[in-house]
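Can you build the whole structure from these sequences, using the hints too?
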Amino acid sequence: MAKVIVVTSGKGGVGKTTSTAALGAALAQRNEKTVVVDFDVGLRNLDLVMGAERRVVYDLINVIQGDAKLTQALIRDKRLETLHLLPASQTRDKDNLTADGVERVIDELRKSFDWIICDSPAGIERGATLAMRHADVAVVVTNPEVSSVRDSDRIIGLLDAKTARAERGDRVEKHLLLTRYDAARAERGDMLKVDDVLEILSIPLLGIIPESMDVLRASNLGAPVTLADNRSAPALAYLDAARRLAGEAVPMAIPGEKRGLFSKIFGRRAA
Amino acid sequence: MSIFNFFSKKSSAPTARERLQVLLAHERASVGHSDLVAQLREEILAVIAKHVQVDGDKVKVKMDRGEQVSTLEVDIEIPLKAGVRAA
Numbered sequence: 001m002a003k004v005i006v007v008t009s010g011k012g013g014v015g016k017t018t019s020t021a022a023l024g025a026a027l028a029q030r031n032e033k034t035v036v037v038d039f040d041v042g043l044r045n046l047d048l049v050m051g052a053e054r055r056v057v058y059d060l061i062n063v064i065q066g067d068a069k070l071t072q073a074l075i076r077d078k079r080l081e082t083l084h085l086l087p088a089s090q091t092r093d094k095d096n097l098t099a100d101g102v103e104r105v106i107d108e109l110r111k112s113f114d115w116i117i118c119d120s121p122a123g124i125e126r127g128a129t130l131a132m133r134h135a136d137v138a139v140v141v142t143n144p145e146v147s148s149v150r151d152s153d154r155i156i157g158l159l160d161a162k163t164a165r166a167e168r169g170d171r172v173e174k175h176l177l178l179t180r181y182d183a184a185r186a187e188r189g190d191m192l193k194v195d196d197v198l199e200i201l202s203i204p205l206l207g208i209i210p211e212s213m214d215v216l217r218a219s220n221l222g223a224p225v226t227l228a229d230n231r232s233a234p235a236l237a238y239l240d241a242a243r244r245l246a247g248e249a250v251p252m253a254i255p256g257e258k259r260g261l262f263s264k265i266f267g268r269r270a271a
Numbered sequence: 001m002s003i004f005n006f007f008s009k010k011s012s013a014p015t016a017r018e019r020l021q022v023l024l025a026h027e028r029a030s031v032g033h034s035d036l037v038a039q040l041r042e043e044i045l046a047v048i049a050k051h052v053q054v055d056g057d058k059v060k061v062k063m064d065r066g067e068q069v070s071t072l073e074v075d076i077e078i079p080l081k082a083g084v085r086a087a
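Residue numbers (this note's numbering), protein chains in the order written: chain A, 1 to 271; chain B, 1 to 87.
Because the hints were derived from the structure by calculation, they are not lab data. Among the hints, a few may not be true.
DSBU-like mimics (lysine-lysine), calculated; alpha carbons at most 30 Å apart, straight line [stated by the list, open to error]: (1) B/Lys10 to A/Lys11; (2) B/Lys58 to A/Lys193; (3) B/Lys60 to A/Lys193; (4) A/Lys94 to A/Lys193; (5) A/Lys78 to A/Lys162; (6) B/Lys81 to B/Lys62; (7) B/Lys58 to A/Lys162; (8) A/Lys162 to B/Lys9; (9) A/Lys94 to A/Lys111; (10) B/Lys60 to A/Lys162.
With beta-carbon atoms standing in for the labels, derived distance ranges [to be verified]: (11) B/Thr15 to A/Lys111: 33 to 39 Å; (12) B/Asp64 to A/Arg171: 39 to 45 Å; (13) B/Thr71 to A/Arg168: 30 to 36 Å; (14) B/Val74 to A/Glu167: 26 to 32 Å; (15) A/Glu173 to B/Leu80: 54 to 60 Å; (16) B/Ser70 to A/Asn230: 51 to 57 Å.
If you want a taste of the chain A side facing chain B, the calculated C-beta under 7 Å gives, among others [unchecked claim]: (17) Asp153; (18) Asp190; (19) Asp195; (20) Leu198; (21) Ile200.
Cβ atoms here follow ideal geometry from the backbone N, Cα and C, with glycine treated the same way.
Here is the structure:
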């Protein structure tokens, strides 16, 4: 059965689009039909991170307004045939993003995909609330930094109040994805630790993505992190997170955590 | 001075953690609270409007949260010429 995931955060620049692309590609690599949907009308970027910016013809708003069929707007990834993108529009007014229209599109996507991943815009305005509206699962992307944690807390409140599931007395499954984590700085006491953030937000942990040059490198190339170099530290962390989303029990490792001399010598391959 | 600095430069993460805990405890309470007040205001207005014509802007609902008791203050301005609807 299809699952709708919203990737959200409140705060901008914490890694929603990067995470949407990386998780989408990781799920598609499991041979499950996946579509990533950009809800950032007016400021679309998922197409660029996915390397499909020159293939956009129709977009989400065109489909909502009936100017194009859903199949015409969907872009199939050139690397993975199970991965698809539904881009946002670049120029149109975001008032065209209607609740009814979004519901129709999501319902139609549910018929032909296993995973529907909605990339939310920053903020708590309409674009963000519509992106989370039909979600079964929410991935709350958070940096170990005060303003990001505060905004995530607000978003968690909205997920519990303003979603279709919440309104019918059900709940959205919420997961924390901690991004740009630097284990060495956390160890020195100069960055919130994983446990600090978990204790404050009290939602289960989906994954810890280390701060890494590989993330910028992947977006420069127009490839999801998990496709650009599937052995890089952030790619491994995203691949594990995707397996957890799919229901597998994967032990949590803190990437870059200081290891003893013994494991440094003998545990090289694991790094 | 430099030695003093070396010893006094404490790690910043515990401060971040503490500030967040205090702030969020407050914000979680107040966000829920403002929703409650808005809802009360709307429902009170609906009840009054059944009997008297009132201007939506002239209804003030204020809540003060105290340690032991909270008070709900409702202030409704009813104009003299407001028609009393069929009782």
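Hint-by-hint comparison with the structure:
1. B/Lys10 to A/Lys11: Holds. B/Lys10 to A/Lys11 sits at ~28 Å (cutoff 30 Å).
2. B/Lys58 to A/Lys193: Not satisfied, since the Cα-Cα distance of roughly 49 Å exceeds 30 Å.
3. B/Lys60 to A/Lys193: Between B/Lys60 and A/Lys193 the Cα gap is close to 44 Å, so the pair fails against 30 Å, i.e. violated.
4. A/Lys94 to A/Lys193: violated (38 Å)
5. A/Lys78 to A/Lys162: violated (36 Å)
6. B/Lys81 to B/Lys62: holds (26 Å)
7. B/Lys58 to A/Lys162: holds (29 Å)
8. A/Lys162 to B/Lys9: violated (44 Å)
9. A/Lys94 to A/Lys111: holds (26 Å)
10. B/Lys60 to A/Lys162: holds (26 Å)
11. B/Thr15 to A/Lys111: 33 to 39 Å: With a Cβ separation near 51 Å, B/Thr15 and A/Lys111 fall outside 33 to 39 Å, so the hint is violated.
12. B/Asp64 to A/Arg171: 39 to 45 Å: violated (32 Å)
13. B/Thr71 to A/Arg168: 30 to 36 Å: holds (35 Å)
14. B/Val74 to A/Glu167: 26 to 32 Å: holds (28 Å)
15. A/Glu173 to B/Leu80: 54 to 60 Å: holds (56 Å)
16. B/Ser70 to A/Asn230: 51 to 57 Å: holds (56 Å)
17. Asp153: holds (5 Å)
18. Asp190: Holds, because the Cβ-Cβ distance from A/Asp190 to chain B comes to roughly 6 Å (cut-off 7 Å).
19. Asp195: At about 10 Å, which exceeds the 7 Å cut-off, the nearest Cβ of chain B leaves the hint on A/Asp195 violated.
20. Leu198: Since the shortest Cβ distance to chain B is 11 Å, the answer is violated.
21. Ile200: holds (5 Å)
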